[in-house]
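Asks: Take a look at the letters that make up each chain.
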Amino acid sequence: MAKQFKSLHPTKFYRDYLNQDIRPDGRLVSKFRPVIINIGSIATADGSALVRIGKTTVICGIKAELCPPKPEKPNEGFLICNVELPPLCSSKFRPGPPSDLAQITTRFVADLILNSGCINLKDLCIVKEKLVWCLYADIICLDHDGCIIDACLLVLLTALKTVRLPVVQYDAAIDKKTIDASVKKCLNIYNTPVSTTYAMFEDKIITDPTTEEEEISSGLLTVVVKDKELCSIHKPGGSPLSEEKLYECINETVNHADLLITLINTAVSECNDDNKNC
Amino acid sequence: MPTDNKRIAGPEDSISYRLFKETSNESVLSKINNLKNNIRSDGRKTNEQRKIFLKCGVVSQAKGSAYFEVDNTKLIVSVYDPREIPKKTDYSLKGELFCIFKYAPFSCPNRRGHQQDAEEKQHSAIMKRALESAVCRHEFPNFQVDVYVLVLENDGSALSGAITAAGIALAQAGIPMYDTITSATLAIQGSTKLLDPTLEEEALCTIATHKSDTETGYDSHGIIVLAILSTHEQISEFYQLGNLNLDTLNESISILMNATKEIVPLVEKCLVDYVNKTFKANGQS
Amino acid sequence: MTKPLICVPGQRLCILDKTHESGQGTYERQGYIYSSLAGVVDVVDKDGVKVVEVQSTGEQTLVPTQGDIVTAQVTILTQDFCKCVIKCIGNTVLSRTYRGILRREDVCATDKDRVQIYKSYRPGDVILARVLPITEAHTYNLSTAENELGVVIAHSEHGYPMVPISWTQMQCTKMYTKELRKVAKVVPENMNTKT
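Chains as they are written, first to last, in the working numbering: chain S, 1 to 278; chain B, 1 to 285; chain X, 1 to 195.
For the record, the hints were derived by calculation from the structure and aren't laboratory data. Some hints could be false.
Reference listing, derived: stretches of chain B covered by chain X, where coverage requires no fewer than 3 residues with Cβ under 8 Å from a Cβ of chain X [unchecked claim]: (1) 172-179; (2) 230-241; (3) 267-281.
Now the in silico label distances, taken between C-beta atoms and shown as ranges [stated by the list, open to error]: (4) Leu266/B <-> Thr262/S: 34 to 40 Å; (5) Asn250/B <-> Asn188/S: 56 to 62 Å; (6) Asp100/S <-> Ala118/B: 26 to 32 Å; (7) Ile39/B <-> Arg96/X: 49 to 55 Å; (8) Pro74/S <-> Ala118/B: 34 to 40 Å; (9) Leu246/S <-> Ile15/B: 43 to 49 Å; (10) Lys261/B <-> Ile216/S: 47 to 53 Å.
Remember, predicted model here, so these are calculated numbers, not experimental data. Glycine included, C-beta positions come from ideal geometry on N, C-alpha and C.
Only chain S is shown next, with the shape it has when bound in the complex (with noise of 0.2 Å):
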């Protein structure tokens, strides 16, 4: 019956589980989600990661191209990253060109890395107003189940840790490239903002909601943040919230965010470690 009556009165369904300070599938209201992350597994990217929080699936693949740089900017490489959501993931999303969603996402996690500066596109300069790298970054939703953002992010800052660049060599005289694969370098990362979302439930503040709880709640709430400072906050309309509500929502993100961020870093060093051994 339980079935019957979450499909018919989602909403009521869900207040009385809240009652009882639980959520259906068994957390607390402030709790969040086993965190997986897993790099390196596809051989053909130059850097790759996947990350899963709860049943959340995201995966990143980085591809390293060689271009021009833009006339004004000459000694600035590219960073382009793109967030799918296909069919595949959800029922929500159908064929054909990006949703809604999948639009604002991506600009979202494209802004937030140029804003915060983690990485610097004069790094990826080889020669000056002639050959820089442009990155690709795509990453793809296999199974969305709330979320969506966090999980971006993570595996979008994992899988840059992880680029292996080899070195180029260029001769400008005779437009001549050469690479050298057996050397590959490592990109500087300078800082990892990480973030976490909340979803507003009438007076309730629900931590890391699955798919099923976002579509019910009134309101989300995205915060960022970079060591210890506030990076940024996206609260895409909804109901409103109180300032100190927005004040515990941002120290627990903080809290949350060393976690994450020695998660990266283990996954990270781990591999290259490996890197070293062989």
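Knowing the structure of chain S, use the given hints to seat chains B and X on it.
Replies: Relative to the frame of chain S, chains B and X by itself:
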């Protein structure tokens, strides 16, 4: 080409750095000669398949899903509930399958576009044909069942893997089917037949070569993908690329039939494990 | 619990003869019964004939067919019909909903001409209905012209649940206001299983 405003586009003239790599001394021709002498770069026998890993129920939001991995070829398939066929007004007695086959942009040595290209569209059509004969389409008239394939990494034989995985995903989704469907790929260069080719072998086998230095005629070469309904021993799809002489055809089909039969126990085990798991879960609740 | 007999699609289950019949989740071909689902085999004895069925253990995939009793939620009202979304078929909850349409002439069995849609249903009501023969692609025609069919769950204008007080009226549990509905006679569950 129309511009894509819904994604962030990169610079127009970027090129893969792999093009400027110092190429190894071994030329394409010597590689082909190696193949013709039945030497594979990974040391496999010609009729040996790579180890297959199958798992179903990987996408929680989907009705049915499967993950397929052979060596470096990794792909994921998900199947959703029957839905209305868009832009269709008349009544049809049989349901339809709707397949989308897509390579992830980072899955191949060269970057792929976000939109489906001609090859991906063709693969989608092949999958639709292969799977439609396995599904009891009269059970969901007027509806379409969506089958989405995403190749995460391509190292050859992705299409046949996708068909096998889609069969599992459909069965897990509870879509009525006449049979389990399995598929395998064979690459042919001269008299050599390579089962389950890697991406490099696939590329080498699509190059036409002369029979010998004196002759001008081309030797047989190409790729065959065969999908089979295992219990009834019916071929549901035969897709061939390249140039083939008739004597090789019979032999090729029998190799592929054997190969697909080898996959059947894996598919069955995957499904039985799933049924066992859900049966126990049902018993507990 | 006995060990389940598990089968996969295309598995040959038994010979087709006078004592064995193919049931749900199976199909016949060349004198044999084959499974069409991955699930558990179930043999039901019906008048001396063994009906071989395969039950899927996961979520079932169903589409509404003629004669099914469905649970639907009313979305839009007009003078001539109301639109609803079908959420369950029998006891199975659908993960994808289907569109249904309930015409004025199919609301009640009697007094068809005097029926007014807005006196029978309101948006948000949960109704039980029977699926009529399919004439249009994409929408299912529904009927509530039976005593057991009609509104089962409804909320009053004030947003509180209502209880039925007659065939045509329901009462708010909080404000005690009365509203008009085509009320279903709800049959207790154990009665269904006995018959």
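Asks: For each hint, tell me whether it holds in the structure or not.
Replies: Evaluated hints:
no.: 1; hint: 172-179; verdict: holds (count 8)
no.: 2; hint: 230-241; verdict: holds (count 3)
no.: 3; hint: 267-281; verdict: holds (count 9)
no.: 4; hint: Leu266/B <-> Thr262/S: 34 to 40 Å; verdict: holds, 38 Å
no.: 5; hint: Asn250/B <-> Asn188/S: 56 to 62 Å; verdict: holds, 60 Å
no.: 6; hint: Asp100/S <-> Ala118/B: 26 to 32 Å; verdict: holds, 28 Å
no.: 7; hint: Ile39/B <-> Arg96/X: 49 to 55 Å; verdict: holds, 52 Å
no.: 8; hint: Pro74/S <-> Ala118/B: 34 to 40 Å; verdict: holds, 37 Å
no.: 9; hint: Leu246/S <-> Ile15/B: 43 to 49 Å; verdict: holds, 47 Å
no.: 10; hint: Lys261/B <-> Ile216/S: 47 to 53 Å; verdict: holds, 49 Å
Every hint, counting from the list given before, is met by this structure.
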